[in-house]
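Student: Here's the letter readout for the chains.
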Amino acid sequence: MLSRTADNLYWMARYIERAENVARVLDVTYHMSLLPSDSSNEADLWNAVLEIAGIRDIYDRTYKEINATNVILHLVMDSENPSSIYSSLRSARENARAVRVAMTTETWENMNTLWLEFGQYIKQDLTQSGLGEFCEWVKSRSHLFRGVCFGTMLRDDAFSFVRLGTFMERADNTARLLDVKYDFLMSQEEASAGAVDYYEWSAVLRSVSAFQAYQKVYSDAIDPLKVSELLVLRHDMPRSLHACYDEIMPIIEQVAGSRQTEARRLAGELHARLHYGKMLDIFKFGLRDFLDEFITANHTLGKEIQRSFLSATV
Amino acid sequence: MTQTAKQFFDEMQAYGGNTRAIYQAYDRWLAKVPTQQLVAKRAEAEVLFRRVGITFNVYGEEDGAERLIPFDVIPRMISASEWAHLSKGAVQRVRALNMFLHDIYHDQEIIKAGIVPHSILSNAQYRPEMVGVNVPNQVYAHVAGVDLVRTSESQFYVLEDNLRTPSGVSYMLEDRKMMMRLFPDLFRQYPIAPVEHYPQVLLNNLRSVAQTGVTDPTVVLLSPGAYNSAYFEHAFLAQQMGIELVEGQDLFVRNNAVYMRTTQGPQRVDVIYRRIDDDYLDPLVFKPDSMLGVPGLLSVYRNGGVTLANAVGTGVADDKATYVYVPEMIKFYLGESPILQNVPTYQLSKEDDLAYVLDHLPELVVKEVQGSGGYGMLVGPTASKQEIEEFRLRIVSKPSNYIAQPTLALSTCPTLVEQGIAPRHVDLRPFVLSGKTVSVVPGGLSRVALKEGSLVVNSSQGGGTKDTWVLERDEINIETAQSQMAAQQMNQEVVTC
Numbered sequence: 001m002l003s004r005t006a007d008n009l010y011w012m013a014r015y016i017e018r019a020e021n022v023a024r025v026l027d028v029t030y031h032m033s034l035l036p037s038d039s040s041n042e043a044d045l046w047n048a049v050l051e052i053a054g055i056r057d058i059y060d061r062t063y064k065e066i067n068a069t070n071v072i073l074h075l076v077m078d079s080e081n082p083s084s085i086y087s088s089l090r091s092a093r094e095n096a097r098a099v100r101v102a103m104t105t106e107t108w109e110n111m112n113t114l115w116l117e118f119g120q121y122i123k124q125d126l127t128q129s130g131l132g133e134f135c136e137w138v139k140s141r142s143h144l145f146r147g148v149c150f151g152t153m154l155r156d157d158a159f160s161f162v163r164l165g166t167f168m169e170r171a172d173n174t175a176r177l178l179d180v181k182y183d184f185l186m187s188q189e190e191a192s193a194g195a196v197d198y199y200e201w202s203a204v205l206r207s208v209s210a211f212q213a214y215q216k217v218y219s220d221a222i223d224p225l226k227v228s229e230l231l232v233l234r235h236d237m238p239r240s241l242h243a244c245y246d247e248i249m250p251i252i253e254q255v256a257g258s259r260q261t262e263a264r265r266l267a268g269e270l271h272a273r274l275h276y277g278k279m280l281d282i283f284k285f286g287l288r289d290f291l292d293e294f295i296t297a298n299h300t301l302g303k304e305i306q307r308s309f310l311s312a313t314v
Numbered sequence: 001m002t003q004t005a006k007q008f009f010d011e012m013q014a015y016g017g018n019t020r021a022i023y024q025a026y027d028r029w030l031a032k033v034p035t036q037q038l039v040a041k042r043a044e045a046e047v048l049f050r051r052v053g054i055t056f057n058v059y060g061e062e063d064g065a066e067r068l069i070p071f072d073v074i075p076r077m078i079s080a081s082e083w084a085h086l087s088k089g090a091v092q093r094v095r096a097l098n099m100f101l102h103d104i105y106h107d108q109e110i111i112k113a114g115i116v117p118h119s120i121l122s123n124a125q126y127r128p129e130m131v132g133v134n135v136p137n138q139v140y141a142h143v144a145g146v147d148l149v150r151t152s153e154s155q156f157y158v159l160e161d162n163l164r165t166p167s168g169v170s171y172m173l174e175d176r177k178m179m180m181r182l183f184p185d186l187f188r189q190y191p192i193a194p195v196e197h198y199p200q201v202l203l204n205n206l207r208s209v210a211q212t213g214v215t216d217p218t219v220v221l222l223s224p225g226a227y228n229s230a231y232f233e234h235a236f237l238a239q240q241m242g243i244e245l246v247e248g249q250d251l252f253v254r255n256n257a258v259y260m261r262t263t264q265g266p267q268r269v270d271v272i273y274r275r276i277d278d279d280y281l282d283p284l285v286f287k288p289d290s291m292l293g294v295p296g297l298l299s300v301y302r303n304g305g306v307t308l309a310n311a312v313g314t315g316v317a318d319d320k321a322t323y324v325y326v327p328e329m330i331k332f333y334l335g336e337s338p339i340l341q342n343v344p345t346y347q348l349s350k351e352d353d354l355a356y357v358l359d360h361l362p363e364l365v366v367k368e369v370q371g372s373g374g375y376g377m378l379v380g381p382t383a384s385k386q387e388i389e390e391f392r393l394r395i396v397s398k399p400s401n402y403i404a405q406p407t408l409a410l411s412t413c414p415t416l417v418e419q420g421i422a423p424r425h426v427d428l429r430p431f432v433l434s435g436k437t438v439s440v441v442p443g444g445l446s447r448v449a450l451k452e453g454s455l456v457v458n459s460s461q462g463g464g465t466k467d468t469w470v471l472e473r474d475e476i477n478i479e480t481a482q483s484q485m486a487a488q489q490m491n492q493e494v495v496t497c
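Line by line, the protein sequences give chains S and A.
Following full-length UniProt numbering, the numbering of the first sequence begins with 1 at its first residue and continues without gaps.
Following full-length UniProt numbering, the numbering of the second sequence begins with 1 at its first residue and continues without gaps.
Read the hints as simulated data drawn from the structure, not as lab findings.
Computed from a predicted structure; not experimentally measured.
Treat each hint with caution, since some may be false.
Below, simulated SDA-like cross-link-like pairs (lysine to any residue); rule was C-alpha separation at most 25 Å, straight line [to be verified]:
1) A:K41 with S:T105
2) S:K303 with A:T262
3) A:K177 with A:K385
4) A:K177 with S:T104
5) A:K177 with A:P34
6) A:K177 with S:L154
7) A:K177 with S:N110
8) A:K177 with S:V101
9) S:K303 with A:Q264
10) S:K303 with A:N458
11) A:K177 with S:M153
12) S:K216 with S:V28
13) A:K41 with S:T113
14) S:K303 with A:Q249
15) A:K287 with A:Q370
16) A:K451 with A:A43
17) A:K385 with A:G453
18) A:K320 with A:E387
19) A:K436 with A:Q264
20) S:K226 with S:D179
21) A:K177 with A:R50
22) A:K385 with A:L361
23) S:K123 with S:L144
24) A:K177 with S:E106
25) A:K41 with S:E106
26) S:K303 with A:G265
27) A:K177 with S:R97
28) A:K177 with S:K216
29) S:K303 with A:F252
30) A:K177 with S:T105
31) S:K303 with A:P266
To be clear about the criterion: a stretch of chain A counts as covered by chain S if any three or more of its residues have a C-beta under 8 Å from a C-beta of chain S, and this derived list gives those stretches [to be verified]:
32) 263-277
33) 331-338
The C-beta atom is built at its ideal place from N, Cα and C for all residues, glycine as well.
Please take these sequences and the hints and turn them into a complete structure.
Tutor: This is the structure we're talking about:
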């Protein structure tokens, strides 16, 4: 298929996934902020949201203080912020519009409806109680998007690039979430009481819809090592890094065909690390370092995908 | 129903007397359907069209102004015998025009014979780059839209030949789909010739004009992109033919061949159905600032490395200044007499014609020779005094830029408008496809001027479209003849009330 078309499909899916992940983190953080705590904690909490999205410097350009209202405004509506839900959904729809012939009618109509419905939310104040419902809406539109692609698209390259976009973005988001949260929680481990710890870790799990999965898999108290294992190595946890690479690797093998590309090698290497890795080893190495390396490698893979398949270089 | 204006021939009512035979069954059906129901059907169509995104952009309007071309639910019918005549005439015309294009870029016999003046070689649409270039099968206009108008029961005229990148065929196909959805019963009653195979015929033709030696040609549709007014049609046709819809940035030239950039690496392209004007095709040869084209494309094309459809340089044949010579071309190249007639045309480059036209501006239609889309034209009978005087100045400053024609009494067709069903002027654009053979799919784009009295049917000027029903036979069904009397009575009642 045309590189330009593949590029549009891939980014459409990435942006939808990005919007969903921002909504997930916002939602959970907002609920956390309702727990009794002192105000310095609130700033830390919302700062973590900015760190996960990787937009602290953009934020600082506009806002002096880190608080709930500012962070929510910045991450939901701010058109200057390329990672805001507004920017992501707009970019997703623009990419969709450019290639509407390459997708099924249902997929296009779904993207279009999403954008039209979003127009209704823009008019509301989302910094307070409306936020929860809005985040639910973003998540459900994202579920619908994946569902309509899965349920209606021919299993050709177009479908592959849509899926590839979803999982590349998801892997990045899960890794960042764990990276920031783990760091944040471990740094105050000494100070924090057990109850807060429990809520903090369960919030991490909830933000990737993994709370129930955790209970089911471990039926045990929430423990940082097990949380990490669930989000990094468990192949049956749909937002884990391993699960993402279980999708990414075969897709790259398929779209590469007989070509030996760096993208293919790198995807295989990353997949092998997650497939054969042991959590204890990762902890010995340092989870933080492991995740940082992963985020960089995942980013490099993104660039290789761009170079080999999407950017139309000869 | 308002009474048909007597001075215009009406496709359904002729001159207001008896309903024409092919329309009788429809007329009886229409009499039974409340107007409200038609309005509801039209609203349903609008919702569907908008959902599918059959919109067009109007130049000069705010960004994002996607509008629907108004769709009328009352079909325009053409009898089998009329179609036989029209299609034969259109095919004849396009065959001659293709031969003319080959000739004008090779031996120029028609100039030597004194039929077409030498000055044609200085026409802005004449492309010296095409001289001596051989195109497969000697086909230049692979897709031609021949605009026809009717002025009486038996009189049709060719208004113009569109040989560059004619558009509108997606409306022929989508209007049909819509009508079958809205009024399935009528399709059971009428022997309506199908048009759905148009994309297949087009694709076969495009494949047949690949360079010799190419066994399984890759065909693409080259579009200026999503902001072009006809983008919907480009996307639609590419999808229907199952070919890639590409933009200039997707193609590149290497080693005398054109490639497209794909996820599997570069892929050779053999035939480009281009919907970009000549001027924008190749920035190395034409407009240097064009971002739409492909640098080096023309050089590959001239060397036979790729086929362009339509060919470069067809504009010289559909120019309004060339139009007057088409009947002579038919005689010259085919040795046949023209089946379809031209509208009598005054060439303002000729002194006598100019004098006459300037004296009769309020009666005439004046057109710019290179204009299209209804821009830059004067319709004398509906223009204000001031508009006429302004146009007069433009003509005098450069007469050769204009032609003039008598105002034609274009036929009308019943149309659903605000006041109910009323006659509105229509034209017809069948699409003639040339490859190994020349053919026309039985149908076309029927455009209707929705404004009362207006003769300009262009969508950019507020025109709408109708489904065009070409009948496969003229006897509709037995029931028709028997209830003819009843239908006539019903008509009279309607007219007198």
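Student: Hints first: check each against the structure and report whether it holds.
Tutor: Here is how each hint holds up against the structure:
no. : hint               : in the structure
1   : A:K41 with S:T105  : 22 Å, holds
2   : S:K303 with A:T262 : 17 Å, holds
3   : A:K177 with A:K385 : 44 Å, violated
4   : A:K177 with S:T104 : 18 Å, holds
5   : A:K177 with A:P34  : 23 Å, holds
6   : A:K177 with S:L154 : 24 Å, holds
7   : A:K177 with S:N110 : 23 Å, holds
8   : A:K177 with S:V101 : 18 Å, holds
9   : S:K303 with A:Q264 : 17 Å, holds
10  : S:K303 with A:N458 : 48 Å, violated
11  : A:K177 with S:M153 : 23 Å, holds
12  : S:K216 with S:V28  : 21 Å, holds
13  : A:K41 with S:T113  : 24 Å, holds
14  : S:K303 with A:Q249 : 20 Å, holds
15  : A:K287 with A:Q370 : 18 Å, holds
16  : A:K451 with A:A43  : 19 Å, holds
17  : A:K385 with A:G453 : 18 Å, holds
18  : A:K320 with A:E387 : 22 Å, holds
19  : A:K436 with A:Q264 : 32 Å, violated
20  : S:K226 with S:D179 : 15 Å, holds
21  : A:K177 with A:R50  : 14 Å, holds
22  : A:K385 with A:L361 : 10 Å, holds
23  : S:K123 with S:L144 : 23 Å, holds
24  : A:K177 with S:E106 : 19 Å, holds
25  : A:K41 with S:E106  : 23 Å, holds
26  : S:K303 with A:G265 : 17 Å, holds
27  : A:K177 with S:R97  : 23 Å, holds
28  : A:K177 with S:K216 : 53 Å, violated
29  : S:K303 with A:F252 : 23 Å, holds
30  : A:K177 with S:T105 : 16 Å, holds
31  : S:K303 with A:P266 : 19 Å, holds
32  : 263-277            : holds (count 4)
33  : 331-338            : violated (count 0)
In summary, the numbered hints that this structure violates are 3, 10, 19, 28 and 33.
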